[in-house]
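Peer 1: Going line by line, the protein sequences match chains A and B.
For reference, each letter of the first sequence is one residue, going 604 to 844 in the working numbering.
For reference, each letter of the second sequence is one residue, going 14 to 587 in the working numbering.
Because the hints were derived from the structure by calculation, they are not lab data.
Being a predicted model, the structure only gives us computed values, none of them experimental.
The C-beta atom is built at its ideal place from N, Cα and C for all residues, glycine as well.
All the pointers check out, no bait thrown in.
Just a few of them, taken from the derived set where beta-carbon distance is under 10 Å, the chain B residues facing chain A:
#1 58
#2 60
#3 69
#4 72
#5 206
#6 241
#7 242
#8 366
#9 367
#10 403
#11 407
#12 410
#13 428
#14 429
Some chain B residues well away from chain A (every beta-carbon gap over 10 Å; in silico):
#15 81
#16 95
#17 97
#18 98
#19 135
#20 141
#21 158
#22 212
#23 220
#24 233
#25 325
#26 387
#27 417
#28 464
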Amino acid sequence: MTFISRRDLLKRAAIVGAGARAFATEGARAFSASVREPDEPATADEQASGHSAAIRGPLESLTAAEADILDAVVARLIPSDANGPGATEAHAVRYIDRALAGALAASRPAYTAGLAALDRYARSSRGKAFIELAPTDQDGVLAEVESGTAAAFAGSAAFFTMVLNHTHQGTFGDPYYGGNANYVGWDLLGYPGVRTMVSAADQQRLEKHELKTNHKSAYEYDVFTKADKDPSRRSSNGKGA
Amino acid sequence: MSTRLKDTDVVIIGLGAAGGVAALPLAQAGLDIVGLEAGTWLTRRDFAPDELRNNYRGWPQGVQKANQEIPTSRATSSSPTGPRGTIHPMQNAVGGTTVHYWAQSWRLNPWDFKVVSETTRRYGASRVPKGSTVEDWPFGLDELEPYYDRVEYEIGVSGQAGNIGGRIDPRGNPFEGPRKRAYPMPPLRGTAFIDKMGGAARSLGWHPFPGPAAINSRSYQNRSACMYHGFCNRGGCHVDAKNSTAVTTIPRAQATGRLKVVTRAHVTTIEADGDGRVTGVNYMTDGVEYFQPAKVVLLASYTYENTRLLLLSKSKAFPKGLSNNHGQVGRHYFSHHTGAAVTALFPWDTGSWYGLPAQGVAVDDWADDNFDHGALDFIGGGNLWIYSDRRPIGAAGTSTFGGAPRWGSAWKAFIRENADRSNTAYIQKTTLPYEDNYLDLDPVVKDALGYAVCRITAEYKENERKIGAFTQDKMEQWYREAGAIAVQRGPVGGAMGVSTHAYGGTRMGDSRETNVVDRFGFSHEAPNLGVLGASVMGTSGAHNPTLTVQALAWRTAEHLVKNWNAVVDHRSAI
Chain A
604 MTFISRRDLL KRAAIVGAGA RAFATEGARA FSASVREPDE PATADEQASG HSAAIRGPLE
664 SLTAAEADIL DAVVARLIPS DANGPGATEA HAVRYIDRAL AGALAASRPA YTAGLAALDR
724 YARSSRGKAF IELAPTDQDG VLAEVESGTA AAFAGSAAFF TMVLNHTHQG TFGDPYYGGN
784 ANYVGWDLLG YPGVRTMVSA ADQQRLEKHE LKTNHKSAYE YDVFTKADKD PSRRSSNGKG
844 A
Chain B
14 MSTRLKDTDV VIIGLGAAGG VAALPLAQAG LDIVGLEAGT WLTRRDFAPD ELRNNYRGWP
74 QGVQKANQEI PTSRATSSSP TGPRGTIHPM QNAVGGTTVH YWAQSWRLNP WDFKVVSETT
134 RRYGASRVPK GSTVEDWPFG LDELEPYYDR VEYEIGVSGQ AGNIGGRIDP RGNPFEGPRK
194 RAYPMPPLRG TAFIDKMGGA ARSLGWHPFP GPAAINSRSY QNRSACMYHG FCNRGGCHVD
254 AKNSTAVTTI PRAQATGRLK VVTRAHVTTI EADGDGRVTG VNYMTDGVEY FQPAKVVLLA
314 SYTYENTRLL LLSKSKAFPK GLSNNHGQVG RHYFSHHTGA AVTALFPWDT GSWYGLPAQG
374 VAVDDWADDN FDHGALDFIG GGNLWIYSDR RPIGAAGTST FGGAPRWGSA WKAFIRENAD
434 RSNTAYIQKT TLPYEDNYLD LDPVVKDALG YAVCRITAEY KENERKIGAF TQDKMEQWYR
494 EAGAIAVQRG PVGGAMGVST HAYGGTRMGD SRETNVVDRF GFSHEAPNLG VLGASVMGTS
554 GAHNPTLTVQ ALAWRTAEHL VKNWNAVVDH RSAI
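Given only the sequences and the hints, what does the whole structure look like? Please build it.
Peer 2: Have a look at this one:
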């Protein structure tokens, strides 16, 4: 896919999430396709563990330790399960990491404080680092963070909502921004994809569940200026096209 | 030191919905106009179908002056200021917010112009809500009809007429006032879901109809028909089928050679002389100060900025702010009550991944005074609107209707099944001005240049809350009739926050004791200052304000053309 940088091939590997499961559902096909770029080699760790896992690229904002925690969090928010791949396979953390270095930079301090507080709370309430907890214990910690009942974690509910919203953006947003890898988010929802034209016949096909899914980023349509081009500096004499 | 520019006939502050329309009749009359716009030109290439950018990152608003001056808000003068937003809902660009708005282009209904007299006539004066400062408009719908008609044809509006010259057409809105002729284009197409909702309304005995939209249902004026691609909501149109002023009236005004468009112009103050006449406008571009002298100033910068610029423009003649010697600037403010949401879950996919917010089915049976309020304890009502609009990130945030948590495997199973099965109605409700709801300057918060931002002090009152609950009942009834298996309601009241439907602050009316501008939109105090926008509107009705704003703007501009000498020579009456 054109919008995923080739630098991703050079990135270091990291095992995250709960690993692969055998899927009995249609989600399995999307999952196996989403594990990595076709030309990415499996790492020794993956081969040893037998797990398929998202591969972490160079981080732009988060520290490795923060990314480890966030990887574990998003894997519980939108888990990989019988309903198919989740936030891990979508590379939601890659999306968040890049966004924190750009459009979401204002949220960076909240991640610094929140991820640290989350891990402290995991240790104080469950006796282990968050990433070392079993998934059910991780869910327990997250539920308490969500409800604001996590001790010594001021503002935990707001932190949870922020991370959940950003995880949605990283799972269901346009792949241009680094998440929703291989369209796993859109496929989960049954979204038939970005189009520049939807005819009445297309609408009727959609209503009959016969509309072909279109796996395409908005920015693969070359008629559009990329999102990071700032039009505010355009000539004041310019006239609309 | 400020650079004094060449004199012009008219300077318009803001080339959006209102200023962008007013420029055309002025230019066609041969007046020289300078249009000062804080934003830039945006074109089709700028409008990628990108939900993240449009709906979550505030682009193209993200590069906006407006984001530096987001109003603060609080419910009452004794309540704390609420959390301030990070993105202004309006947009700076040539065309303003018409570039990315929903483009619902409604006329007001006849009752909206006569709330006080009609309520008094039908139910008695005691039924006008206590504490409300509502007045009848200085004219009725019949006065505005020719301007509605002109704008509908100039910019292009799709829709189904319901009342042509008093003859009711059941395909349209039977409650609308008489119109001279049909819309220039047929309505946007339906969908299976929209049609199903229409059928459910009819089976309840209601009168559903397709709503009007400033969007081409077919090719119009050599611009494309709508592509229904699903990114119209806070997105510009990639085929120019959305009839923003940037693709309609502004280029037509430019073609006369009379309109000079100045982009990235950050207006700071309006100057007035010792006689109380305005003399021009101060603005900045890239830190350089300019003074644009003009014989007439038209202020068209949106409700919050209209009030703010007037209050910031203090002079010897206007020590409390321009045109504010009667203390009316900022008064009679209200945010259209569009809360009190109702969301339904259906047991089947609705097919809503494409379409646009202006494509849908409306019911006006419970709006305005279209039903008997004799046994009710409120006046007014709401327009119920069902539309086709869904994108993936938004769909992931769908309520689980108490049936699942909002994350984890149970959520994932829910959303996989139901991502395309919910619908949220848009319900616009009669909202009135009140004595203690107002705009002023925030005493603490400043914009990037150090000028105070606008502060909203306002909350929905009992009448609005009762309409909210009443229309929720009607909406739930409609959803259930169509087969909804779960219905959820939002809170009916609260503070009036920053809104895309913000009214008042420079209200229009005959009395200078209670209004800032006269019946033609010119200041009661500074006679060569006109004000355009919903800031002049004294009632909201139950429908989007933009077409009314545009009809009023055309009317103000036409008045100026016809009365040029009188307006320019008029002695101030301060």
